[in-house]
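Engineer: Each chain, letter by letter, is given below.
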Amino acid sequence: MSDTLQTVGRMIQEVIGDDWDLDQPITLETSFGDDLELESIEFVSLAEALKVEYGDEVDFVGWLSTKELDEIIQLKVGDVVEFIDLCRSSN
Amino acid sequence: MAEVTVGGLRFHVQRLGPEVGVPVVFLHGLIMDNLSSWFFTAAPKVAAHQPVLLYDLRGHGKSERPTAGYSVEDMVGDLGGILDESLPPDQSVELVGNSFGGLLALAFALARPERVRGLCLVDGQVHDEAFGPEMVSSLGLEGRERDEMIARSFKAWLGRHSERKRNRLARNASELVHGTSLVQDLAHSAPPSTQELERLSCPVLALYGEHSDVRERGENLAARLPNAQLEIVEGCTHSLLWEQTAQLEQRVLSWVGRESGPGGKD
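Protein sequences appear in the order of chains A and B.
The working numbering applies: residue 1 is where the first sequence begins, and numbers increase by one.
The working numbering applies: residue 1 is where the second sequence begins, and numbers increase by one.
Just so you know, the hints here were simulated from the structure itself, not pulled from any lab data.
A few of these clues could be false.
With a straight-line Cα cutoff of 25 Å, these simulated SDA-like cross-link-like pairs (lysine to any residue) come out [claimed, not checked]:
(1) A/K67 <-> B/G7
(2) A/K67 <-> B/S193
(3) A/K76 <-> B/W242
(4) B/K45 <-> A/Q74
(5) A/K67 <-> B/Q247
(6) A/K51 <-> B/V20
(7) A/K67 <-> A/D23
(8) A/K76 <-> B/G21
(9) A/K51 <-> B/Q247
(10) A/K67 <-> B/S92
(11) A/K51 <-> B/A48
(12) B/K45 <-> A/D23
(13) A/K76 <-> B/V22
(14) A/K51 <-> B/V22
(15) A/K67 <-> B/Q50
(16) A/K67 <-> B/V13
(17) B/K45 <-> A/G78
(18) B/K45 <-> A/E71
(19) A/K76 <-> B/E243
Sequences are here, hints too, so could you generate the full structure?
Structural biologist: So this is what it looks like as structure tokens:
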């Protein structure tokens with residue numbers, strides 16, 4: 001498992017907190033909506049956690065600004081991991 | 001979590017975008033809503049150009065939930081306090097409000113006109129004489145009727161069919177409606193007078209869905225405001241933020257980024 005996936009997985013668990021009841025491990029294919037059932041306000045907390053972890057290196061909100069709502073709804077953990085790795089490799 | 005404390009209450013606040021420019025403050029709707037509905041739609045698009053401030057209304061999202069203090073006046077005070085904590089005292093802002101957020105935006109502009117550069121009402125609720133009784137009849141429901149109302153207003157965008165989430169949101173909504181004085185406080189809030197509305201000088205963009213149940217009252221409101229521009233969005237209901245998201249985002253973006261007219265203050 002890549003470091004980024006591990007980091008994002010940890011953040012997701014922290015965001016969901018006590019409601020965490022997922023039996024399956026988080027993979028690149030795990031979707032935020034259908035699999036994790038993340039509430040939209042929890043997704044805001046994840047965005048905030050990304051900001052704390054990576055600072056200006058990873059402009060998650062800027063990335064969201066390029067996406068349509070339907071794309072955001074369909075996001076998988078792998079999409080976020082790929083974006084983070086892309087930002088970090090170009091810096 | 002980013003927080004601002006106003007009047008002893010903790011508010012969940014998100015600030016996006018650049019430091020410089022006219023700040024845009026987004027206001028969400030009642031009960032089932034929170035700042036995420038703007039965070040994942042228009043807010044990041046606007047934040048690519050202007051500073052953005054979002055917050056959860058008291059009792060909503062991740063803001064604190066007191067048992068009392070939910071009048072329009074209380075919530076106007078919250079917004080004023082959050083602006084005072086977050087921005088320079090002479091900085092005016094653009095307010096963008098969806099549904100109840102539109103009602104709140106207008107109430108704030110009437111109370112603190114020096115703080116407001118312009119308003120965008122997205123199918124804004126209208127605070128007229130009918131508003132209070134409607135609140136009581138729609139939110140004072142019990143049992144199955146209440147659950148059906150909650151199901152109808154369920155507009156979450158992630159995992160729309162999730163049982164866990166639906167139950168949590170319904171429970172959360174029920175706690176807000178039944179565990180606080182929100183319904184009574186809003187029902188007893190005095191609507192603005194016609195004279196007050198006629199004095200509002202800032203530009204207002206009033207967007208209403210063609211089939212929205214609030215449309216007619218929204219049209220009446222826009223007709224009373226001296227500097228309002230009414231636009232009807234074809235084929236939409238009250239939920240136009242979700243029905244025409246991309247179109248709405250573009251309209252909000254061009255509105256909040258418009259040039260000031262003669263005498264306009266940035």
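Engineer: If a hint holds in the structure, say so; if it does not, say that too.
Structural biologist: Now the hints, each set against the structure:
1. A/K67 <-> B/G7: 37 Å, violated
2. A/K67 <-> B/S193: Since the Cα atoms of A/K67 and B/S193 sit roughly 42 Å apart, the hinted pair is violated (cutoff 25 Å).
3. A/K76 <-> B/W242: 21 Å, holds
4. B/K45 <-> A/Q74: 19 Å, holds
5. A/K67 <-> B/Q247: Since the Cα atoms of A/K67 and B/Q247 sit roughly 13 Å apart, the hinted pair holds (cutoff 25 Å).
6. A/K51 <-> B/V20: 20 Å, holds
7. A/K67 <-> A/D23: Given that 25 Å is the threshold and the Cα spacing comes to 30 Å, the pair is violated.
8. A/K76 <-> B/G21: 34 Å, violated
9. A/K51 <-> B/Q247: Between A/K51 and B/Q247 the Cα gap is close to 29 Å, so the pair fails against 25 Å, i.e. violated.
10. A/K67 <-> B/S92: 29 Å, violated
11. A/K51 <-> B/A48: Judged against 25 Å, a Cα distance of about 16 Å means the pair holds.
12. B/K45 <-> A/D23: Between B/K45 and A/D23 the Cα gap is close to 36 Å, so the pair fails against 25 Å, i.e. violated.
13. A/K76 <-> B/V22: Between A/K76 and B/V22 the Cα gap is close to 34 Å, so the pair fails against 25 Å, i.e. violated.
14. A/K51 <-> B/V22: 23 Å, holds
15. A/K67 <-> B/Q50: 18 Å, holds
16. A/K67 <-> B/V13: Distance of about 23 Å is within 25 Å: holds.
17. B/K45 <-> A/G78: Given that 25 Å is the threshold and the Cα spacing comes to 23 Å, the pair holds.
18. B/K45 <-> A/E71: 15 Å, holds
19. A/K76 <-> B/E243: Given pair A/K76, B/E243 holds - Cα atoms ~23 Å apart, limit 25 Å.
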